Amino acid sequence: MSSLDKHIPIGLVVLDQSRIIRHMNAHMAALTEISAEKIIGKKFEAVFAMDRAGRRVRPAGSQPFCSDEGAGQGESSDAIGLNITTQGGRAKRLDSLLCFPFADSDGHNYHAMLFHEPDTAESGGSHPGFSGAIKDIHDARNEQRRLLMEIERANENLIQSEKLAGIGQLAAGVAHEINNPAGYVFSNLRTLASYVTDLLKIIDAVDESQTLEDIKRLKNTLDYTDIRDDVEALIRESGEGIDRIKKIISALQDFCHIDAEEFSLHDLHACLDTTLSVASSEIKYKATVVKEYADLPRIECNASQINQVILNLVVNAAQAIDQEGIITIRTGQEKSDVWFEVQDTGKGIPPELLTRVFEPFFTTKPVGQGTGLGLALSYKIVQKHHGRLEVFSEPGQGTRIRAWFPIAQPHLFESSE
Numbered sequence: 001m002s003s004l005d006k007h008i009p010i011g012l013v014v015l016d017q018s019r020i021i022r023h024m025n026a027h028m029a030a031l032t033e034i035s036a037e038k039i040i041g042k043k044f045e046a047v048f049a050m051d052r053a054g055r056r057v058r059p060a061g062s063q064p065f066c067s068d069e070g071a072g073q074g075e076s077s078d079a080i081g082l083n084i085t086t087q088g089g090r091a092k093r094l095d096s097l098l099c100f101p102f103a104d105s106d107g108h109n110y111h112a113m114l115f116h117e118p119d120t121a122e123s124g125g126s127h128p129g130f131s132g133a134i135k136d137i138h139d140a141r142n143e144q145r146r147l148l149m150e151i152e153r154a155n156e157n158l159i160q161s162e163k164l165a166g167i168g169q170l171a172a173g174v175a176h177e178i179n180n181p182a183g184y185v186f187s188n189l190r191t192l193a194s195y196v197t198d199l200l201k202i203i204d205a206v207d208e209s210q211t212l213e214d215i216k217r218l219k220n221t222l223d224y225t226d227i228r229d230d231v232e233a234l235i236r237e238s239g240e241g242i243d244r245i246k247k248i249i250s251a252l253q254d255f256c257h258i259d260a261e262e263f264s265l266h267d268l269h270a271c272l273d274t275t276l277s278v279a280s281s282e283i284k285y286k287a288t289v290v291k292e293y294a295d296l297p298r299i300e301c302n303a304s305q306i307n308q309v310i311l312n313l314v315v316n317a318a319q320a321i322d323q324e325g326i327i328t329i330r331t332g333q334e335k336s337d338v339w340f341e342v343q344d345t346g347k348g349i350p351p352e353l354l355t356r357v358f359e360p361f362f363t364t365k366p367v368g369q370g371t372g373l374g375l376a377l378s379y380k381i382v383q384k385h386h387g388r389l390e391v392f393s394e395p396g397q398g399t400r401i402r403a404w405f406p407i408a409q410p411h412l413f414e415s416s417e
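Mapping the sequence shown onto full-length UniProt numbering, position 81 (from 1) lands on 81, and the numbers just tick up by one.
It should be emphasised that the hints constitute simulated quantities derived from the structure, not laboratory data.
Some hints could be false.
The calculated EDC-like cross-link candidates involving lysine to aspartate or glutamate, where the alpha carbons are at most 20 Å apart (straight line), are [claimed, not checked]:
#1 K216 - D229
#2 K201 - D230
#3 K247 - D273
#4 K335 - E300
Quick list of the computed label-pair ranges, beta carbon to beta carbon [said to hold, decoys possible]:
#5 R146 - Q333: 33 to 41 Å
#6 A233 - N179: 19 to 27 Å
#7 R228 - D207: 14 to 22 Å
On a predicted model such as this, the values are computed, not experimentally measured, just so you know.
Positions of the beta carbon are idealized from the N, C-alpha and C atoms, including for glycine.
The task is simple: from the sequences and hints, build the whole structure.
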């Protein structure tokens, strides 16, 4: 730790993801009258009695702390208090100033918590202006939180706008996909109507004809055998057409659904199949889709946003193919992560542009043929899911983009007990 850590008049505690204390500075040791050597390696709740907003919290592991829950709703997320009994028997309370995550150079995640003694801070103690500094910290953090919430809302609106723009782009093709089965269902119904008229003539003849030979003669005249064989085929084909229309509409409903912010368990393959169904009109005249699916567990995600990522990658792959090609969709798993990738046999991306593909409004398409937001928003969504995007491309050889996602979203400081 730096000399600043040793000399600042604020208590500092560093915890790992299991809430084990990994560091405590000298000022925190002085405030608690506990030496760092005695508590390093112990669980935070095992050392300190903790409450939030003056209330005793549940037992260790029953709820997360040091999070942004409740931010902006009247309860400060950093209102964590420690009830300390000194070696001399004096009770004191320490209040938290900030609690923030960080990672070390090896990628290990930690949380830092800053504490002060309210009475000392308010009276000025040996640190004039300290209470003002605390207020400034709180005000700055509240403003930062407000701005982050506004940015997040704008980002969500942008994602939904891009999704609707994508649907609008595919609208003509989707209409064509619905029109095809609707067309032959309508044609079959007209033919069935003609057949029903002939069958009713035969039924009426049962009452009107004098002999059985008259009925047989009428059946032959109306080609009853052909009608009987054709009716079954017409009903079967019409049912298939209606099912096709239902699947297209269902896929559109699934794709357009605005999920709640909470993540839940979803089948990644179902997300892929739903989006491929929506985008089929954009793909089928330019490329053959090859699926290479592995066995995957359900993953914790926002399915609507994952669908948006898939659509962006698949439509980009189709647009990269000039005439006819192949789009391969693969999935796989490595330890606690799963991935899917979209590979095309299109034009590819020049090496000097690879580092810019995720920049907002950057596009390699001609003017008027792309917003440059698809991959940028995909990158944001994947980041929000604690995943990553990888791009591999060579001019003339096509492009492969792989999206990684954790099976379970990381919930820092939530106990696995």
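So, going through the hints one by one against the coordinates:
no.	hint	result
1	K216 - D229	holds, 17 Å
2	K201 - D230	holds, 18 Å
3	K247 - D273	holds, 11 Å
4	K335 - E300	holds, 15 Å
5	R146 - Q333: 33 to 41 Å	holds, 39 Å
6	A233 - N179: 19 to 27 Å	holds, 22 Å
7	R228 - D207: 14 to 22 Å	holds, 21 Å
No hint from the list above goes unmet by this structure.
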